[in-house]
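Novice: Residue-level listing of the chains:
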Amino acid sequence: MYTQAMDIPDESGNPGGKKLSVVPPPQSEQEAAFEARIDADGRIEPQDWMPEAYRKTLVRQISQHAHSEIVGMLPEGNWISRAPSLKRKAILIAKVQDEGGHGLYLYSAAETLGTSRGDMIDGLHSGKAKYSSIFNYPTLNWADVGVIGWLVDGAAIMNQIPLCRCSYGPYARAMIRVCKEESFHQRQGYEALLVMMKGSEAQRRMVQDAVNRLWWKCLAMFGPPDADSPHSAQGMRWGIKRISNDELRQKFIDATVPQAKVLGVTLPDPDLKWNEERGHHDYGQIDWQEFWNTVEGNGPCNKERLATRVKAHKDGQWVRDAALAHAQKQRARADKEAA
Amino acid sequence: MSTAPNDYLLHLADNAVVLGQRDAEWCGHGPILEEDLALANVSLDLIGQARLLYQLAATRIGNGATEDTLAYFRDDTEFRNYTLVELPNHGALVGYAASDRDYATTIVRNFLYSALMVLVWDALQKSPDADLAAIAAKSLKEARYHLHHAADWVVKFGDGTEESHARAQAALDHLFPYTEEFWTPSAAEDAAIASGAATDVRTLRAAWDAIVADTLAEATLKRPDVRGYVPEGKHGRHSEHLSYLLGEMQGLARAHPGATW
Chain A
11 MYTQAMDIPD
21 ESGNPGGKKL
31 SVVPPPQSEQ
41 EAAFEARIDA
51 DGRIEPQDWM
61 PEAYRKTLVR
71 QISQHAHSEI
81 VGMLPEGNWI
91 SRAPSLKRKA
101 ILIAKVQDEG
111 GHGLYLYSAA
121 ETLGTSRGDM
131 IDGLHSGKAK
141 YSSIFNYPTL
151 NWADVGVIGW
161 LVDGAAIMNQ
171 IPLCRCSYGP
181 YARAMIRVCK
191 EESFHQRQGY
201 EALLVMMKGS
211 EAQRRMVQDA
221 VNRLWWKCLA
231 MFGPPDADSP
241 HSAQGMRWGI
251 KRISNDELRQ
261 KFIDATVPQA
271 KVLGVTLPDP
281 DLKWNEERGH
291 HDYGQIDWQE
301 FWNTVEGNGP
311 CNKERLATRV
321 KAHKDGQWVR
331 DAALAHAQKQ
341 RARADKEAA
Chain B
11 MSTAPNDYLL
21 HLADNAVVLG
31 QRDAEWCGHG
41 PILEEDLALA
51 NVSLDLIGQA
61 RLLYQLAATR
71 IGNGATEDTL
81 AYFRDDTEFR
91 NYTLVELPNH
101 GALVGYAASD
111 RDYATTIVRN
121 FLYSALMVLV
131 WDALQKSPDA
141 DLAAIAAKSL
151 KEARYHLHHA
161 ADWVVKFGDG
171 TEESHARAQA
181 ALDHLFPYTE
191 EFWTPSAAED
201 AAIASGAATD
211 VRTLRAAWDA
221 IVADTLAEAT
231 LKRPDVRGYV
241 PEGKHGRHSE
251 HLSYLLGEMQ
261 GLARAHPGAT
271 W
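Line by line, the protein sequences give chains A and B.
Here the first sequence stands for residues 11 to 349, where the numbers follow our numbering.
Here the second sequence stands for residues 11 to 271, where the numbers follow our numbering.
Because the hints were derived from the structure by calculation, they are not lab data.
Keep in mind it's a predicted model, so treat the numbers as computed, not measured.
Think of the CB as a built atom: it goes at the ideal place given N, C-alpha and C, for glycine as much as any other residue.
Hints may be right or wrong, so weigh each one.
[As the list claims (entries may be wrong)] Below 27 Å or equal to it, Euclidean Cα-Cα: the simulated DSS-like pairs (lysine-lysine) are:
#1 A:K97 - B:K151
#2 A:K339 - B:K232
#3 A:K66 - A:K138
#4 A:K138 - A:K313
#5 A:K283 - A:K261
#6 B:K148 - A:K97
#7 A:K283 - A:K271
[What the hints assert, rightly or not] Beyond 10 Å from chain A on every Cβ pair, some chain B residues (computed):
#8 E190
#9 W218
#10 R233
[To be verified] Output of the computed footprint for chain A on chain B, the stretches with three or more beta carbons under 8 Å from beta carbons of chain A:
#11 53-63
#12 163-176
Turn these sequences into a full structure, and let the hints guide you.
Specialist: This is the structure we're talking about:
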């Protein structure tokens with residue numbers, strides 16, 4: 011579950027934080043071949059030559075994506091121990107585990123670009139690398155789990171389906187599997203909400219409360235308006251980004267409004283209405299100041315999320331050391347026997 | 011046809027749900043991503059086993075019982091799980107103490123429990139209680155994986171570093187006494203043996219000892235001497251820890267009795 015990918019500059023793939031410049035016209039044969047492959051909508055594979063800026067952009071984007079999956083385990087993990095039925099508990103554990111799995115193969119996809127998982131994780135823990143800001147908000151009632159499935163994963167799918175056609179082969183292939191699982195999560199989340207909406211008044215209140223808190227955050231997940239999106243033009247050129255932030259956001263809103271109606275919840279935007287002329291829904295102003303505050307580390311849960319990841323890593327150091335030491339000893343014993 | 015008494019089904023189900031709850035505490039906090047996923051898998055299997063067993067018990071109990079009324083609306087004194095599975099994921103501390111989770115405690119506990127359950131499920135898959143036998147056959151496959159996973163890590167810890175060895179030995183010293191509860195049958199187990207639906211767990215002891223001895227030898231860890239108090243969780247007399255675990259697990263469901271989720 012992740013979006014807003016290529017729009018959040020961080021220091022992981024672009025040290026110094028300078029804006030990436032648009033690629034100069036092809037100069038070498040290698041560059042010409044790369045450009046031609048991109049123009050023909052072909053795939054770039056790990057062994058292929060690629061411009062350094064393309065590599066850095068991908069490492070930044072794929073590692074941000076992987077970090078988002080891992081940090082994203084925490085808000086939903088918050089409800090595993092308290093899930094109100096065994097069936098929902100099992101579904102939730104499986105779902106959070108899926109997110110961890112996405113993280114694992116996205117780290118692997120990024121490693122094909124020559125950056126180790128350890129380095130990427132260090133980037134996350136030091137605060138240099140970003141992750142999706144949606145995970146910096148608290149999950150305050152059980153319905154949040156369903157709403158995350160329905161809206162957050164729903165928004166992620168909108169952003170990720172175009173990534174299945176990303177020009178970088180390993181990322182595109184990883185996204186095909188990720189998208190299948192996210193679609194499943196979205197339907198599970200929606201189904202859980204349908205059951206709650208058919209239940210008691212208290213259950214319906216929980217759903218509405220979760221929607222009220224998460225709706226605007228989900229719209230912000232698509233990233234800043236196109237006009238303010240620093241990496242978009244180059245991303246489009248390289249076939250890393252296919253559809254603009256605003257287009258995706260509109261698509262998400264248009265798809266979600268009828269789903270909300272079936273569910274019987276109100277989307278908390280008085281300006282949300284169908285515009286016959288545009289053939290789309292109009293919607294109100296997103297609070298970008300709040301969004302940027304959160305991206306910059308000053309949202310309600312940023313510190314808790316990051317500190318929790320750092321602690322898990324630190325507390326697990328002796329476990330990883332033990333595995334490594336055991337493997338080395340085994341190798342030494344095998345070598346001795348062979349000698 | 012002999013059927014297992016409901017209390018015996020609940021004993022098996024309670025073990026699974028309580029340990030599933032403990033293992034799931036690692037979700038998002040594992041020492042490495044691969045282990046985060048592995049522990050979630052173990053937890054999912056255990057909760058799956060608990061659901062099947064509760065469903066079977068609920069059908070036999072009737073009277074509106076469901077898997078969720080059995081898991082969420084029984085009190086701690088009605089739970090019939092081994093004390094071993096309810097202990098926190100850290101060393102010996104009182105019920106309201108706070109402590110970091112310790113992966114050695116989790117792994118050693120899973121090892122001691124799954125070493126028993128591969129034997130119990132293997133015996134139960136031949137039970138004349140066909141419904142229970144089917145659940146046992148499925149659970150056996152899972153328990154074999156759990157044992158493989160835990161034993162592998164016990165060896166890594168024992169053989170790994172000085173710190174991992176010390177942590178694994180400390181976890182063994184802490185947890186081993188709780189395994190004494192395995193070998194003293196409860197009324198439910200006695201009834202299950204009498205019905206012919208279950209094997210006397212005492213007949214499995216030698217095989218369990220052998221599994222434990224093999225792994226500990228490879229890990230260069232010492233089996234602690236055990237004497238004194240024998241825990242009685244499966245009789246409904248638990249440690250200080252179970253009521254906290256159930257308070258957390260059952261709280262939301264109990265705040266909305268009768269609700270469907």
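Novice: Take the hints in turn and mark each one as holding or not.
Specialist: Quick rundown of the hints versus the structure:
Of the pairs offered as hints, the one joining A:K97 and B:K151 holds, with about 21 Å between alpha carbons and a cut-off of 27 Å not exceeded. With a C-alpha separation of about 20 Å, the suggested pair A:K339 and B:K232 falls inside the 27 Å cut-off, and the hint holds. Under the criterion of a C-alpha separation no larger than 27 Å, the hint pairing A:K66 with A:K138 is consistent with the structure, at around 14 Å. For the hint pairing A:K138 with A:K313, the CA-to-CA distance comes to about 14 Å; that is within 27 Å, so the pair holds.
Between the alpha carbons of A:K283 and A:K261 the distance comes to roughly 14 Å, so the proposed pair stays at or under 27 Å and holds. With a C-alpha separation of about 18 Å, the suggested pair B:K148 and A:K97 falls inside the 27 Å cut-off, and the hint holds. Restraint check: the Cα-Cα separation between A:K283 and A:K271 comes to about 13 Å, which is no more than 27 Å; the hinted pair holds. Once the 10 Å rule is applied to beta carbons, B:E190 is consistent with being away from chain A; the minimum gap is 28 Å.
A cut-off of 10 Å between C-beta atoms confirms that B:W218 is not in contact with chain A; the least separation is 25 Å. Against chain A, the non-interface label of B:R233 holds: every CB pair exceeds 10 Å, the least being about 20 Å. Requiring three or more residues with a Cβ within less than 8 Å of a Cβ of chain A, the coverage given for the stretch 53-63 of chain B holds, as 6 such residues are present. With 8 residues carrying a beta carbon less than 8 Å from a beta carbon of chain A, the stretch 163-176 of chain B meets the three-residue requirement, and the given coverage holds.
Checked against the numbered hints above, the structure breaks none of them.
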